[in-house]
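Number of protein chains: 2
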Amino acid sequence: MIQPNLKEIKNAHLRIASYINKTPVLTSSNINEIAGCNLFFKCENLQKVGAFKYRGASNAILKLSKAELEKGVATHSSGNHAAALSLAAKKQNAKAYIVMPNNAPKSKIEAVKSYGGIITFCEPTLVARESTLKAIVEETGAIFIHPFDNPNIIEGQGTACLELLNEHKNLEIIIAPVGGGGLLSGTSIVAKGIDKNIKVIAAEPKNADDAYKSFYQNKFIESINPNTIADGLLTSLSELTFSIIKKNVDEIITVSEEAIIFAMKLVWQRMKIIIEPSSAVALAVVLSNKEKFKNKSVGIIFSGGNVDFDKLPF
Amino acid sequence: MIQPNLKEIKNAHLRIASYINKTPVLTSSNINEIAGCNLFFKCENLQKVGAFKYRGASNAILKLSKAELEKGVATHSSGNHAAALSLAAKKQNAKAYIVMPNNAPKSKIEAVKSYGGIITFCEPTLVARESTLKAIVEETGAIFIHPFDNPNIIEGQGTACLELLNEHKNLEIIIAPVGGGGLLSGTSIVAKGIDKNIKVIAAEPKNADDAYKSFYQNKFIESINPNTIADGLLTSLSELTFSIIKKNVDEIITVSEEAIIFAMKLVWQRMKIIIEPSSAVALAVVLSNKEKFKNKSVGIIFSGGNVDFDKLPF
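Chains as they are written, first to last, in the numbering used here: chain A, 1 to 314; chain B, 1001 to 1314.
Treat the hints loosely; a few may be bogus.
[Claimed, not checked] Using 27 Å as the maximum straight-line C-alpha spacing, the simulated DSS-like pairs for lysine-lysine come out as follows:
hint, chain 1, residue 1, chain 2, residue 2
1, A, K265, B, K1113
2, B, K1091, A, K113
3, B, K1196, B, K1007
4, A, K90, A, K134
5, A, K91, B, K1294
6, B, K1113, A, K91
7, B, K1296, A, K294
8, A, K265, A, K219
9, B, K1311, A, K106
10, B, K1095, B, K1113
11, A, K265, B, K1091
12, B, K1095, A, K22
13, A, K196, A, K290
14, B, K1296, A, K91
[Stated by the list, open to error] Pulled a few chain B residues facing chain A out of the computed Cβ check, cut under 8 Å:
hint, residue
15, L1046
16, A1135
17, G1193
Calculated directly from the structure, the hints in this document are not laboratory data.
Ideal Cβ placement from N, Cα and C applies to all residues, glycine included.
Between the sequences and the hints, there should be enough to build the whole structure, so can you do that?
In structure tokens form, the structure reads like this:
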């Protein structure tokens, strides 16, 4: 498998540019004051389908041949990747077969439906997801697009950080949340490719700290029954993302559920934008470690904004 | 009293430009599809203090002499103007005395406090507000800055539409919500001043339709016990704003509470930004009158984003 690199991510950006939103980088003098540093928020919550996942899905779809597109694409996903793949497929008049766990958030199920994805529900285990997906792929011939264990996906996700660093050239630190590691992989390749002095920090919930353990014990450790409000960060790394993260990431910092909820509410209140808990994890890292970030220029990737309003933690 | 005009609004823009946020104009292909027209949302919910009011307050404060600033400023306000005046005063090291009704939303009280405003609570009637304010002004010598019955405030509020039309020159219709009429006055002067063919429509809750009645009966009719979720639109027009509106506004359209809540939720869900009910009234006008706006390019001013999360209507 080819390792994604900065050049391929720049190509991916040209490929997807006319399909995606060039999301704004927002700042908040109020939150800067609270944090004691200068924060630059890359707002992928304002991306199409409300998440960075649309970048990777678009890149993966646009790299398929006509013959492949005719058979459609398939994936299993807890939500945002499923919505992203559905919409990216629809834009190319292709079918998207989506395997979703039956406990996926309502808002994410509705989103997939509204984008024309063909949903098959399964039990919320990796085994059930994979066997259900396998049956669909065998029946339809659809191309499996993994949510993160796929170089084309990682290249697409890296384009958010590319836009951020094009717009703000003097960032000293970039923080991205880590679940399966697709966003973190793409982000870290771009940051280190542009300037190896930029520090790349991964943000992870304490209650789903498989990447943290894997990184510091230097062996792949699976996520087992994680229980965090950050529902986008439940999955384990893959071999591909783990290898990229080991090479490019400087540090992984974990945060409590309380810190995640506090950061999420702060953004809603002060910035008037809607972020999902997974997005808040990166800001929670800063607010839980103020000395470390004092007076630094820090880029933060807000990964998405899909929440169920009737299940707000505040 | 001098009537505000386009030239003075352009001067106000130069005066306040370095103090305010140049808020983004956002679009949503999803909401355009639902509405059947092209909507351009001027996001004053992303303005400092979360509302367009910061524009008017900044302009009014920056026009004061040093001697006047030393005595401070005072106002009565249900919320956003109070927060705006407090912060604008603080930036010039001036005091802001704020009279607030004791039923004002918690988030707005907290905002005024956090910006250093000196609050005096009173009963939620116009009489109580005015007598409390009078006593404070007599005691301190502070300059009274009315929330909308003040040319400097109206000039400041007009700068939002000025930025919108500078960025999108081909808008056919501009919609702004109407409460006291400060935003609508400034907006209508700018729109008609730039191109008299731009249609200016005011959006008002059916449950607080004093401007509608005043406009179509051609006489000033007071708002009596209005009961709407759009808590920024409870006040009556003033003589000044009514005279400007009669001259520059083409139409006032009222909408139901259900339509306001639907529009508010739609924006939260699809655009991932937080708007307060008063902001949603303008979009509700479009969604309740789709034929009228079909295929038009419509500018909508989102007036603010201050909400109590524990009192959401959805």
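Evaluation of the provided hints:
1. A hinted pair counts as satisfied when its Cα atoms are at most 27 Å apart, and K265 of chain A with K1113 of chain B qualifies at roughly 19 Å.
2. Between K1091 of chain B and K113 of chain A the alpha-carbon distance is near 49 Å, which puts this suggested pair outside the 27 Å criterion.
3. Distance check on the hinted pair: K1196 of chain B and K1007 of chain B sit about 15 Å apart at the alpha-carbon level, within 27 Å; holds.
4. Among the hinted pairs, K90 of chain A with K134 of chain A is consistent with the structure: their alpha-carbon atoms are about 22 Å apart, no more than 27 Å.
5. Note on K91 of chain A and K1294 of chain B: the hinted pairing holds, with a Cα-Cα distance of about 24 Å set against a maximum of 27 Å.
6. At roughly 49 Å between alpha-carbon atoms, K1113 of chain B and K91 of chain A are farther apart than 27 Å, so this suggested pair is violated.
7. Distance hint between K1296 of chain B and K294 of chain A is unfulfilled; the C-alpha atoms sit about 49 Å from each other, more than 27 Å.
8. A threshold of 27 Å between alpha carbons decides the hint, and for K265 of chain A with K219 of chain A the separation of about 35 Å lies outside it, so the pair is violated.
9. Among the hinted pairs, K1311 of chain B with K106 of chain A is consistent with the structure: their alpha-carbon atoms are about 21 Å apart, no more than 27 Å.
10. Between K1095 of chain B and K1113 of chain B, the direct Cα distance comes to roughly 12 Å. Compliance with the 27 Å bound is thereby established for this hinted pair.
11. Restraint check: the Cα-Cα separation between K265 of chain A and K1091 of chain B comes to about 26 Å, which is no more than 27 Å; the hinted pair holds.
12. Proposed proximity of K1095 of chain B and K22 of chain A is contradicted: the alpha carbons are some 41 Å apart, above 27 Å.
13. Among the hinted pairs, K196 of chain A with K290 of chain A is consistent with the structure: their alpha-carbon atoms are about 23 Å apart, no more than 27 Å.
14. At most 27 Å may separate the alpha-carbon atoms for a hinted pair to count; K1296 of chain B and K91 of chain A meet this at roughly 24 Å.
15. Residue-level restraint check for L1046 of chain B holds (minimum Cβ-Cβ distance to chain A is 6 Å; threshold 8 Å).
16. At its closest, the beta carbon of A1135 of chain B sits 32 Å from a beta carbon of chain A; the interface hint therefore is violated under the 8 Å criterion.
17. Restraint check, G1193 of chain B versus chain A: the minimum CB separation of about 29 Å is more than 8 Å; hint violated.
Taken one by one, the earlier hints fail for this structure at numbers 2, 6, 7, 8, 12, 16, 17, listed in ascending order.
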